[in-house]
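**Student:** So you can see what is in the structure, the chains are spelled out below.
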Amino acid sequence: MNLNILIAGVGGQGNLFASSILAEYFTNQGHQVLAVETIGAAQRGGSVVSHLRVSDSEMYSPLIPAGKVDILMGFEILEMLRNFQLLSVDGSYLLNDYKEPTVLCNLEMDTYPSDEMITAALQKSGKKGYIIKATECARQIGGSLLTNVVMVGALCQLSPLFHRQEVRQVLAGKSPPKVRDLNLKAFDAGGSLVSGMS
Amino acid sequence: MAKKEYLMGNEAMGRGAVEAGVKVAAGYPGTPASEVLEYASKYPDVHVEWCINEKVALEITMGASLCYTRAMAVMKHNGTNVALDFLMHLNYTGVRGGLVLISGDDPGGISSQNEEDSRIITHLDAHLPVFDPWCPQEAKDMVKAAFKLSEKTELCFVVRPVMRVCHARSPVKLEEIATSSKEPFFEDDRSRFIMSAVREPKAGGVLRPVLRHKWLNEKQMELLQIMADSPFNHEEEGEGSIGLVTCGIGYAYVKEAEEILGKKFPILKLGTLPLPRDKVVKFAGKFDKLVVYEDSEAVVEGLIKELLYDEGIKVAVVGRSGFLPKEGELLTTVVLKSLATLYPELEKLIPETASLDIKIPIRTRTQCIGCAYRSLLHALKLVARKTHGVVAGDIGCYDAGSFLPLELQSTIYCMGSSIPIATGIAYSGSKQPVFAIIGDSTFFHNGVLGLLNAIHNAVDMVVIVCDNRTTAMTGFQPHPGSDTDIGGKPVIAIDIAKLVTAAGATSARVVNPYDIPEVMKALNKAAKEKGVSVIVASSPCYLLARRTGDICFTPRKVSLDPDRCNGCKICIDYFGCPAIRFADEKATIDQATCVECGMCVYVCKRGAIT
Ligand code: SF4
Ligand code: SF4
Ligand code: SF4
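Protein chains in written order, with this note's numbering: chain A, 1 to 198; chain B, 1 to 610.
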């Protein structure tokens, strides 16, 4: 087993929690795990990237080298695009259809790429991927803060690398009691969002 | 099998210290090293403290060490600069109880004002031994070894992890926690611990600084022997005519490159300063060329050149002095590229990267939606514009006011420099009014000295202290203005307004930063006063308050009337709440992200927001 997952989003999207669930799951499965986050000023809406590496042999760099990302999870469109060049030749992406405008885009000093441009660029890249409305789904369940769990739920449905029920158990164990039920609901909803897609 | 726990590098170092029986741990928060102390604070047997600044932290730990107690100081590289004055004396006196300094570096300046290699001041300057870990497990092992060796050699040991080691997470072996049997006790040794220019009768009247300097120099021999056998240095066999020397995180990237290329290179993995001289000489002798991979300055590269020159060995040594980029982080990509320069046939093995045909806007930092600093910065911007004033800035969440859209602060250097910079501007003869804006933690850290100096000299300026009672930027660590310590124990909160009043400030106005009219009034009055006028903008950090249930403001649902909005963009250019969006010549409020702080109501002069 050799797997590199990169989660790209903005501060406050619960990037770290998602990565820690996957890390615990893979550890339970008996694999080695190495992770790192770039958390420069994460609280204030900056970019946050989590690198998660899984292997059965020794790993060295906590950062996934360029061209070695197998699964790119984008919690926010721009942040996924920003890290897109790290994808490996046959890597794929799972994108949350959600835009967090940048300060400069708000000022009209920069333009957030249009949906058409994004779709065209992704298509041209030739990479396989899925686009889901995870934040919208999270809001329906109980709030945008559940986006991360919806995304993990979707990933576990799409990829054969996961035993869904076991990830669900890890999630239950790692969730604070107050939000456990909501988290599980979001996880299941994420699965339903993509069922039939893969 | 030893128990393993999935730990962050910082936690692993905290764990290493606890296992080594550390009793006093002190520091000042700063990315990348903050979590070391947070981890240690979970153990009630250890006194853990966030100090006013790094120099004080190092001095406290030295005091503990004097009583044969194991102690640790933790800081980021900028903090090590602050502690340097003390470091340049404790190297002469040496220590008693094991003393370890963790100095976290940030190559690439990802979360810092500069990218600095603290091996330079700690090793080349202070001549202290330094360990440079490549992964969390080694970081933990090094901290443990450092305590032991510190006691053995009577020298403070430095562990210098870079950000990627501090923040990496991996399973780390847990071992038993040592219990110390030694009773803490202070005993005098004035010839050591009184650092002064006195003549030593016992040494024929030689001045003590020279004598202690000699002691430190003689210690280097002992260190060389220790490093010669250190498990943190080793050699790996491989193919090729070029020897790869790796230091700290450099090992991770070179090994990663090996995996990618499916090759084994001859590697000398180094983790200690001083260098294991014999190992280096033996390794170098096998090659025509050495490449040194280190973050971030050419420290080891320089030391190896010096060593080989002394030994008369002619081998080309290249690395960060120019063959590799002189700035920025060392990454696997950098290593791969360099290897392809050395062995062109490897070029085709470098992984292809995906490309995307789209322009991606950059993301700049701003305050959280609902943060009290946004209204404060807005008010200051209006007053500074009207008075043609200059605003000197400092380090903290409010520093984002220096970026677009506000572009308020005109200078930002290091902790506490805002007030002295403003003082100098006032002295320059420029007629512009001066303002300094500084956070509470930064104020205590070093800002207070500049303030006392300005008050004493009756400099005309307005100082705004952003008082949210926490060190928000680095993750809510307490500071001398907080009423609880790292463990939640009640402590005395120092009242900034009272402090500056006692010092003789012209005025000290405490305002609620959310109340824009009140802040404007205070600023306008202060700007007309002589001497130093202080405004303490006091309200809890909104992000923290949301977690603790503290209250910052009474929620107020706002709506924007598009007919009244004339597109003047004041709410964007002079305020910039990310919940306010602007498109097609009109502002709109994104209700999904708006937190109902109500500040924008005051910002829009057209009455479009109600
Ligand atoms: S963390 Fe606190 S002080 Fe910093 S920007 Fe957010 S609300 Fe403001
Ligand atoms: S909402 Fe008010 S401040 Fe903002 S653009 Fe419209 S009129 Fe100007
Ligand atoms: S839009 Fe107005 S009320 Fe809502 S968070 Fe921003 S400033 Fe506060």
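To be clear, the hints were calculated from the coordinates, so they are not data collected in a lab.
Glycine included, every Cβ here is placed at the ideal spot set by N, Cα and C.
There may be inaccurate statements among the hints.
Only part of the chain A face toward chain B is listed, based on derived beta-carbon distances under 8 angstroms [stated by the list, open to error]:
#	residue
1	Thr27
2	Asn28
3	Ser47
4	Ser61
5	Ala66
6	Asp70
7	Glu108
8	Glu116
9	Lys128
10	Leu184
11	Lys185
Calculated cross-link-like contacts (lysine-lysine; reagent style DSS-like; alpha-carbon spacing at most 27 angstroms) [to be verified]:
#	chain 1	residue 1	chain 2	residue 2
12	B	Lys4	A	Lys99
13	B	Lys173	A	Lys174
14	A	Lys127	B	Lys605
15	A	Lys124	B	Lys348
16	B	Lys4	A	Lys128
17	B	Lys359	A	Lys99
18	B	Lys173	A	Lys127
19	A	Lys133	B	Lys359
20	A	Lys127	B	Lys3
21	B	Lys173	A	Lys124
22	B	Lys586	A	Lys128
23	B	Lys337	B	Lys314
24	A	Lys174	B	Lys348
25	B	Lys569	B	Lys605
26	B	Lys314	A	Lys178
27	A	Lys174	B	Lys569
**Student:** Taking the hints in turn, state whether each one holds.
**Tutor:** To see whether the hints hold, each was checked on the structure:
no.	hint	verdict
1	Thr27	holds (6 angstroms)
2	Asn28	violated (11 angstroms)
3	Ser47	holds (5 angstroms)
4	Ser61	holds (4 angstroms)
5	Ala66	holds (5 angstroms)
6	Asp70	violated (12 angstroms)
7	Glu108	holds (6 angstroms)
8	Glu116	violated (11 angstroms)
9	Lys128	violated (11 angstroms)
10	Leu184	violated (22 angstroms)
11	Lys185	violated (20 angstroms)
12	B:Lys4 / A:Lys99	violated (39 angstroms)
13	B:Lys173 / A:Lys174	holds (22 angstroms)
14	A:Lys127 / B:Lys605	violated (49 angstroms)
15	A:Lys124 / B:Lys348	holds (24 angstroms)
16	B:Lys4 / A:Lys128	violated (37 angstroms)
17	B:Lys359 / A:Lys99	holds (15 angstroms)
18	B:Lys173 / A:Lys127	violated (39 angstroms)
19	A:Lys133 / B:Lys359	holds (23 angstroms)
20	A:Lys127 / B:Lys3	violated (41 angstroms)
21	B:Lys173 / A:Lys124	violated (46 angstroms)
22	B:Lys586 / A:Lys128	violated (38 angstroms)
23	B:Lys337 / B:Lys314	holds (26 angstroms)
24	A:Lys174 / B:Lys348	violated (44 angstroms)
25	B:Lys569 / B:Lys605	holds (11 angstroms)
26	B:Lys314 / A:Lys178	violated (67 angstroms)
27	A:Lys174 / B:Lys569	violated (44 angstroms)
In this structure, the earlier hints numbered 2, 6, 8, 9, 10, 11, 12, 14, 16, 18, 20, 21, 22, 24, 26 and 27 are contradicted, and the remaining ones agree with it.
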